[in-house]
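These protein sequence lines are chains A and B, in that order. My numbering puts the first sequence at residues 14 to 307. My numbering puts the second sequence at residues 6 to 593.
Since the hints were made in silico from the structure, they are not lab data. This one's a predicted model, so the numbers in the text were calculated from it and none came from an experiment. Note that the Cβ used here is the ideal one computed from N, Cα and C, for glycine as well. Be aware that one or more of the hints could be misleading.
Label pairs and their in silico Cβ distance ranges [to be verified]:
no., chain 1, residue 1, chain 2, residue 2, range
1, B, Q570, A, L282, 26 to 36 Å
2, A, K29, B, Q531, 50 to 60 Å
3, A, E264, B, Q260, 37 to 47 Å
4, A, N236, B, P317, 49 to 59 Å
5, A, R174, B, R86, 15 to 25 Å
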Amino acid sequence: MSQIDVSETNIEYTVKEYKSDTKPIWCPGCGDYGVLSALYQAFADLNLPPEDVAVISGIGCSSRLPGYVNTYGFNAVHGRILPIATGVKMANPEITVIGTGGDGDGFSIGMGHVPHAVRRNVDMTYVVMDNEIYGLTKGQLSPTAHVGDVTKTSAYGSIERPVEPVKFMLNIGASFVARVNAGNPKHMAKVITAGIQHPGFAFINAVSPCRTFRGIDQKKVVNAQSYYLEEETDYEPNDITKALQEASSQEGLAMGVLYREERPTYDKLYQDLRNRAVAKGVPEIREILDRYIP
Amino acid sequence: MEHKDVVIAMAGSGGDGVVSAGEILVGAGASEGIHGFMLKSFGPQIRGGESSCRVRLSEQQVYSHGDRIQIFGVFSWDDYRQFRGEMEFTDPVVIVMDTADKTNEDEIPLDSDVERIVYSVPITDLAKEEAGTTQAKNMVMLGVLSELFGLPGEGIRQGIRKKFRKKKQEVIESNIAGFEAGVNYVRTEVKKVDDIQFTFTEAEPKVLMEGNEAFAYGALYAGCRFFAGYPITPASEILEWMSRELPRYEGTMIQAEDELAAIGMAIGASFAGEKAMTATSGPGISLMSEQLGLASMAELPVVIVNVQRTGPSTGIPTKTEQADLMQALYGTHGDANRVVIAPADVEDCFGVGVQAFYIAEKYQVPVIVLSDQYLGQRKETFDQSALLNGGNGAIKQVERLTPSGEELEDYTRFRITDNGVSPMSFPGIKDGMYQAAGIEHGEKGLPTSDKNVHEKMTAKRFQKNKAVAEELNFIRFYGPEDAEVGVLGWGSSKGAIKEAVLRLNEEGYSVKAAVPQILMPLPTKQLNQYVESLHSLIVAEISYSGQFYRYLKGELQFGDCEIKQYARVGGAAFNVEEIYNVVEQEFK
Chain A
14 MSQIDVSETN IEYTVKEYKS DTKPIWCPGC GDYGVLSALY QAFADLNLPP EDVAVISGIG
74 CSSRLPGYVN TYGFNAVHGR ILPIATGVKM ANPEITVIGT GGDGDGFSIG MGHVPHAVRR
134 NVDMTYVVMD NEIYGLTKGQ LSPTAHVGDV TKTSAYGSIE RPVEPVKFML NIGASFVARV
194 NAGNPKHMAK VITAGIQHPG FAFINAVSPC RTFRGIDQKK VVNAQSYYLE EETDYEPNDI
254 TKALQEASSQ EGLAMGVLYR EERPTYDKLY QDLRNRAVAK GVPEIREILD RYIP
Chain B
6 MEHKDVVIAM AGSGGDGVVS AGEILVGAGA SEGIHGFMLK SFGPQIRGGE SSCRVRLSEQ
66 QVYSHGDRIQ IFGVFSWDDY RQFRGEMEFT DPVVIVMDTA DKTNEDEIPL DSDVERIVYS
126 VPITDLAKEE AGTTQAKNMV MLGVLSELFG LPGEGIRQGI RKKFRKKKQE VIESNIAGFE
186 AGVNYVRTEV KKVDDIQFTF TEAEPKVLME GNEAFAYGAL YAGCRFFAGY PITPASEILE
246 WMSRELPRYE GTMIQAEDEL AAIGMAIGAS FAGEKAMTAT SGPGISLMSE QLGLASMAEL
306 PVVIVNVQRT GPSTGIPTKT EQADLMQALY GTHGDANRVV IAPADVEDCF GVGVQAFYIA
366 EKYQVPVIVL SDQYLGQRKE TFDQSALLNG GNGAIKQVER LTPSGEELED YTRFRITDNG
426 VSPMSFPGIK DGMYQAAGIE HGEKGLPTSD KNVHEKMTAK RFQKNKAVAE ELNFIRFYGP
486 EDAEVGVLGW GSSKGAIKEA VLRLNEEGYS VKAAVPQILM PLPTKQLNQY VESLHSLIVA
546 EISYSGQFYR YLKGELQFGD CEIKQYARVG GAAFNVEEIY NVVEQEFK
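Take the sequences, apply the hints, and build the full model.
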């Protein structure tokens with residue numbers, strides 16, 4: 014375990030403290046701006062010391078995000094957000110670990126890691142900015158694009174069924190699953206705050222329209238389809254069947270926390286394991302040698 | 006005749022327990038202060054199938070597995086066929102065979118026309134009658150070998166008790182009964198017709214370890230507390246060892262979902278301030294290569310072990326080769342600095358384990374450790390005092406350079422310094438926030454696509470390799486400095502090269518050898534000096550394409566020295582005789 018001095022201070026952090034000096038490279042109208050400001054707000058609401066936060070990203074428009082946040086950040090390679098975030102969290106469980114990336118990073122090249130971070134229940138928040146297109150490489154087909162979508166690499170329309178991130182995450186047993194609309198930063202900040210507070214793997218799919226490659230209509234459609242679970246008095250996010258129904262709803266896009274369940278986190282389970290290992294007695298490291306003298 | 010150095014092999018099917026017998030034998034030797042060396046070899050089957058082992062016992066320290074088998078214990082000649090390419094015999098060879106195999110002595114399918122001295126022993130029958138189970142066949146074999154050749158019987162009895170100490174008393178007794186049955190059979194029924202009698206003076210017990218164990222131990226000793234890996238032959242023992250030990254020392258070992266995740270987790274843990282590593286074999290390194298570049302670019306310390314096996318692709322997972330050298334030196338896209346270091350024997354695996362972390366942490370670079378199957382999975386003895394004293398001064402621990410309070414006032418993570426190393430903060434350190442990035446960045450860590458910044462920062466990263474070269478340049482040298490014929494090899498080939506050169510020197514040949522421990526950055530100054538006295542130099546390596554030869558041609562100045570290749574395909578380690586013959590040719 015690292016020797017961390019988690020400062021107990023009375024400092025009140027405001028949104029300003031989390032902003033870096035770097036200006037985003039995103040296009041005007043990009044949904045990712047909304048996600049970024051919601052993230053600042055969530056950090057401020059939780060009053061997290063910036064030095065105790067690590068934001069890990071991969072490659073894509075949205076993965077540029079750590080550079081715009083004045084916390085620790087890691088803009089790594091394409092598709093490896095979850096392993097790197099797992100390493101950070103397990104090396105130092107005191108750190109609040111946030112993964113931020115896109116639909117291609119998470120559900121195409123990085124898909125192999127998703128079920129494993131979920132089943133380990135790594136205590137982190139994974140925000141996927143889902144624009145259903147590859148923006149950074151300028152307009153190729155995404156795994157979350159719909160059948161029939163014409164992109165630079167699906168000239169005749171996509172013939173592949175999309176990954177549906179929220180349904181997928183519910184089905185593989187994620188302990189916290191939410192959907193947010195990048196056009197509603199206020200709501201988003203609340204959900205991200207809940208995600209960070211959730212002990213375990215919190216998945217948040219941020220529907221984040223791409224004006225450049227999806228046109229102005231994508232945002233309009235998302236706004237028109239959004240409905241908010243918090244406004245439905247009888248919705249409790251503790252029923253997986255209901256959560257799946259909402260995730261599959263033909264009526265529109267359910268926004269908010271769809272499902273939440275408390276389960277032991279990976280770092281807590283690991284600490285239990287260490288305690289069991291230590292219970293049998295621990296030799297000095299030098300003494301291990303004795304085992305190899307027959 | 007008295008023998009102070011014997012090579013014994015056994016072959017049988019998986020259930021015959023030849024590997025267990027070999028382990029007990031080499032352990033028995035070590036417990037009585039005898040030096041030992043053991044190789045095991047398996048067929049491709051998961052259980053059952055063929056297996057063989059080779060044990061060398063010697064009063065003196067030995068450096069290799071010993072070329073020719075003097076004593077061969079055979080349960081089944083069918084199983085021997087699988088290994089005949091790996092086995093060479095002395096003339097005569099002494100064979101102990103189980104009569105249950107039903108092969109007549111004059112029909113022995115030995116792939117060699119040496120003279121055979123054969124003892125046919127009803128091993129299976131003795132096991133059934135005296136131990137109550139055919140499972141004790143290997144113990145009967147040990148009894149026969151021990152009594153016939155003067156092997157350390159008391160040590161073997163102790164070894165049997167130790168091996169089965171967690172089993173029921175009956176199991177221990179049955180195995181001991183098997184061993185005694187073999188001993189008694191020789192005493193009462195066998196007339197000794199060969200002249201091999203092993204003799205030794207008892208000494209302080211030796212340490213007996215496998216290379217993979219020694220490496221893992223070295224890493225733990227160096228302060229490694231985070232390991233992520235994915236099972237792969239022949240590196241899994243490191244993963245297994247870490248799984249048992251790391252949690253006991255407040256560490257973390259994760260079996261990742263694949264090698265992409267394994268190195269990602271290690272890099273993440275390193276970013277968070279932990280000494281971290283992963284271990285794999287060639288195929289895993291291929292998957293890790295992209296993130297090797299990430300560690301180089303983001304200047305994150307990480308240790309990556311490659312226990313090489315025969316390639317390419319799946320190749321022969323259970324056999325050795327040295328053909329991942331170029332991959333280690335240059336693998337991954339772009340100009341990615343890294344350090345490559347190769348342990349030479351089991352004891353050195355420990356030292357290199359410590360040193361790899363020393364380099365990674367001090368210089369904030371990825372360090373690739375090139376071990377191989379021959380080294381990782383063999384058992385070898387060394388003196389108790391040798392390990393923690395560190396023969397070559399390599400046993401140095403180090404903590405990462407972190408920023409001072411003053412530096413944190415305007416923290417510049419990638420500040421350009423004389424040796425390229427800039428103080429590194431990690432999550433939790435107030436005012437030390439920065440962005441680690443695979444994207445090119447300036448001194449502050451901000452992304453850039455400016456060609457001039459790329460040039461400056463690339464130079465900074467490679468500056469660290471220059472600093473490593475100045476600090477660390479350990480080379481093993483053997484033979485007289487003014488010799489005119491030289492041998493250059495690397496890694497686990499050291500054993501055969503050393504033994505061959507020492508033998509040649511004893512016979513009056515003026516030969517010298519050099520085996521560098523660090524391959525990147527190559528200690529060119531010292532190696533160029535080594536080459537100066539030479540008329541001819543043989544570059545010996547287990548790589549069909551001659552990767553080391555090609556590398557040296559580009560790095561060293563040979564002047565008038567004629568440089569020759571001895572490069573062959575893997576599947577087996579070098580024999581002493583093989584190197585001896587190649588070098589002796591130079592004198593004809």
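Evaluated hints:
1. B:Q570 / A:L282: 26 to 36 Å: 54 Å, violated
2. A:K29 / B:Q531: 50 to 60 Å: Once the Cβ atoms are compared, 56 Å apart, the range 50 to 60 Å for Q531 (chain B) and K29 (chain A) holds.
3. A:E264 / B:Q260: 37 to 47 Å: 43 Å, holds
4. A:N236 / B:P317: 49 to 59 Å: 54 Å, holds
5. A:R174 / B:R86: 15 to 25 Å: 53 Å, violated
The structure does not agree with the numbered hints 1 and 5 stated previously, though it agrees with the rest.
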